[in-house]
Amino acid sequence: MTAHLRNSFLFLLIISCSLISLSQASTAAEKPERPNILFLFSDDQRADAVAAYDNPHIQTPNLDQLVKAGFNFRNAYCMGSIHGAVCQPSRAMLNSGRSLYHVPMDLKGVITLPQLLKQAGYETFGTGKWHNHRDSFQKSFTTGTAAFIGGMSNHLKVPVVDLKEGKFENKRTGKKFSSELFVDAAVDFLKQQPAEKPFYAYVAFTAPHDPRMPPETAMKVYENSPPPLPKNFMPQHPFNNGWLTGRDEALTGWPRQPEIVREQLAEYYGMITHMDTQIGRILQTLKDKDLDKNTIVIFSSDHGLALGSHGLLGKQNLYEHSMKSPLIFKGPGIPMNKSSDALVYLYDIFPTVCELTQIQVPSGVEGSDL
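Going by UniProt numbering, the first residue of the sequence shown is number 1, and it counts up by one from there.
None of these hints come from the bench; they were simulated from the model. Please note: incorrect hints may appear among the correct ones.
Here are the simulated DSBU-like pairs of lysine-lysine, each with C-alpha atoms no more than 35 Å apart in a straight line [claimed, not checked]:
#1 Lys220 x Lys68
#2 Lys231 x Lys289
#3 Lys171 x Lys139
#4 Lys220 x Lys191
#5 Lys338 x Lys175
#6 Lys118 x Lys175
#7 Lys338 x Lys293
#8 Lys167 x Lys68
#9 Lys139 x Lys167
#10 Lys167 x Lys231
#11 Lys167 x Lys293
#12 Lys197 x Lys220
#13 Lys167 x Lys197
#14 Lys197 x Lys118
#15 Lys176 x Lys164
#16 Lys231 x Lys68
#17 Lys338 x Lys171
#18 Lys191 x Lys176
#19 Lys191 x Lys175
#20 Lys191 x Lys167
#21 Lys231 x Lys175
#22 Lys108 x Lys231
#23 Lys231 x Lys338
#24 Lys338 x Lys157
#25 Lys197 x Lys164
#26 Lys164 x Lys139
#27 Lys68 x Lys293
#28 Lys324 x Lys289
#29 Lys175 x Lys164
#30 Lys171 x Lys191
#31 Lys338 x Lys191
#32 Lys164 x Lys289
#33 Lys167 x Lys338
#34 Lys197 x Lys139
#35 Lys324 x Lys338
#36 Lys220 x Lys139
#37 Lys220 x Lys164
#38 Lys176 x Lys68
#39 Lys338 x Lys68
Since the model is a prediction, treat every value here as computed from it, not as a measurement.
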């Protein structure tokens with residue numbers, strides 16, 4: 001081979017390699033980075049128990065900021081329940097994408113949302129209340145810290161356990177207020193999470209579920225000026241709805257006394273304000289780790305609560321105050337400071353997350369992509 005031909009060959013080889021590299025770089029640049037998902041889930045929080053949802057009597061600055069920076073659905077509902085512990089079927093529907101009569105409460109034989117994301121390469125982390133059996137938590141999450149598998153608990157003595165390498169360990173009683181305990185676990189997870197690994201973090205609070213015992217700092221916000229009674233307050237429910245002797249309805253006597261209901265509202269709002277402060281810690285950690293730009297934050301609750309509306313206190317009824325939840329999405333590609341009055345179910349969250357992460361929706365999912 002002459003020197004001229006050899007030089008020409010080397011030149012063409014260099015050009016070809018450069019074009020291949022540019023093509024690969026272009027393909028990588030065009031391929032979107034999979035978003036992280038941070039799911040914040042409260043317990044028994046009425047849809048109107050967020051200041052940004054037109055409630056000037058409650059302080060929720062961090063949730064208000066999510067509303068301002070994201071998209072909120074003003075008519076999001078829990079479909080219903082098969083028993084008095086409404087939170088269990090609500091969570092089963094949420095995590096399966098299935099309607100009430102098509103999902104077992106232990107999620108046996110059903111692919112869960114975190115399980116699907118785990119199979120797609122996500123690091124899945126869970127903390128807080130699960131309420132749908134140990135086995136389904138085990139199959140859903142890569143790791144878990146301070147997981148409250150289910151039941152009821154004092155907020156200062158929550159029985160929790162960790163999940164590591166597929167096994168439960170370190171069973172213990174929490175030594176902090178529940179919202180702080182779960183957020184500590186979430187913050188530690190985020191701090192250790194490598195930037196190149198997409199994650200799904202499920203942070204399920206037990207607040208503001210009773211026993212309502214907000215920390216003193218949060219209670220002080222409301223104790224001198226308790227929130228007003230709901231506009232549809234009644235001393236007595238006008239007919240027997242089949243649950244007037246249930247546990248929730250026995251939290252105060254009949255007829256309902258306005259001053260006692262206002263005290264319960266103050267405790268309820270105090271629990272939410274304290275939880276909101278803890279949510280702020282998680283959101284700040286996202287910013288500190290530079291994860292906020294590629295993280296979709298979802299906030300919702302399993303259902304609402306009566307707290308004096310129609311003379312009721314609990315959630316075992318079909319009134320809007322008990323079936324309706326806040327629902328907020330915030331993150332890349334999601335419109336800011338927008339809302340919708342569309343009627344949606346909480347189990348619509350499952351296929352919506354599938355769309356946001358570009359993962360195929362499994363068969364059996366009944367929810368709709370929002």
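Okay, the hints, checked on the actual structure:
1. Lys220 x Lys68: holds (26 Å)
2. Lys231 x Lys289: violated (44 Å)
3. Lys171 x Lys139: Cα-Cα ~18 Å, so holds.
4. Lys220 x Lys191: holds (32 Å)
5. Lys338 x Lys175: Since the Cα atoms of Lys338 and Lys175 sit roughly 39 Å apart, the hinted pair is violated (cutoff 35 Å).
6. Lys118 x Lys175: Measuring from Cα to Cα gives roughly 30 Å; hence the hint holds.
7. Lys338 x Lys293: Answer holds: Lys338 to Lys293 is near 19 Å, not above 35 Å.
8. Lys167 x Lys68: Judged against 35 Å, a Cα distance of about 40 Å means the pair is violated.
9. Lys139 x Lys167: holds (10 Å)
10. Lys167 x Lys231: Not OK: Lys167 and Lys231 at ~49 Å, beyond 35 Å, violated.
11. Lys167 x Lys293: holds (33 Å)
12. Lys197 x Lys220: violated (41 Å)
13. Lys167 x Lys197: holds (22 Å)
14. Lys197 x Lys118: holds (11 Å)
15. Lys176 x Lys164: At roughly 22 Å apart (the allowed maximum being 35 Å), Lys164 and Lys176 satisfy the hint.
16. Lys231 x Lys68: Roughly 26 Å separates the two Cα atoms, so the pair holds.
17. Lys338 x Lys171: violated (43 Å)
18. Lys191 x Lys176: holds (20 Å)
19. Lys191 x Lys175: Holds, at about 22 Å.
20. Lys191 x Lys167: holds (23 Å)
21. Lys231 x Lys175: Status violated; Cα separation ~38 Å.
22. Lys108 x Lys231: Given pair Lys108, Lys231 is violated - Cα atoms ~42 Å apart, limit 35 Å.
23. Lys231 x Lys338: Holds: Lys231 and Lys338 sit about 27 Å apart, inside 35 Å.
24. Lys338 x Lys157: Status violated; Cα separation ~39 Å.
25. Lys197 x Lys164: Distance ~18 Å between Lys197 and Lys164 Cα, so the pair holds.
26. Lys164 x Lys139: holds (12 Å)
27. Lys68 x Lys293: The given pair, whose Cα atoms are some 16 Å apart, holds under the 35 Å limit.
28. Lys324 x Lys289: holds (34 Å)
29. Lys175 x Lys164: holds (21 Å)
30. Lys171 x Lys191: Status holds; Cα separation ~23 Å.
31. Lys338 x Lys191: Holds. Lys338 to Lys191 sits at ~31 Å (cutoff 35 Å).
32. Lys164 x Lys289: Between Lys164 and Lys289 the Cα gap is close to 24 Å, so the pair holds against 35 Å.
33. Lys167 x Lys338: violated (42 Å)
34. Lys197 x Lys139: holds (19 Å)
35. Lys324 x Lys338: Within the cut-off at roughly 19 Å; holds.
36. Lys220 x Lys139: violated (42 Å)
37. Lys220 x Lys164: violated (39 Å)
38. Lys176 x Lys68: Holds, because 31 Å separates the two Cα atoms, which is no more than 35 Å.
39. Lys338 x Lys68: Holds, at about 8 Å.
Hints 2, 5, 8, 10, 12, 17, 21, 22, 24, 33, 36 and 37 from the earlier list are contradicted by this structure; the remaining hints agree with it.
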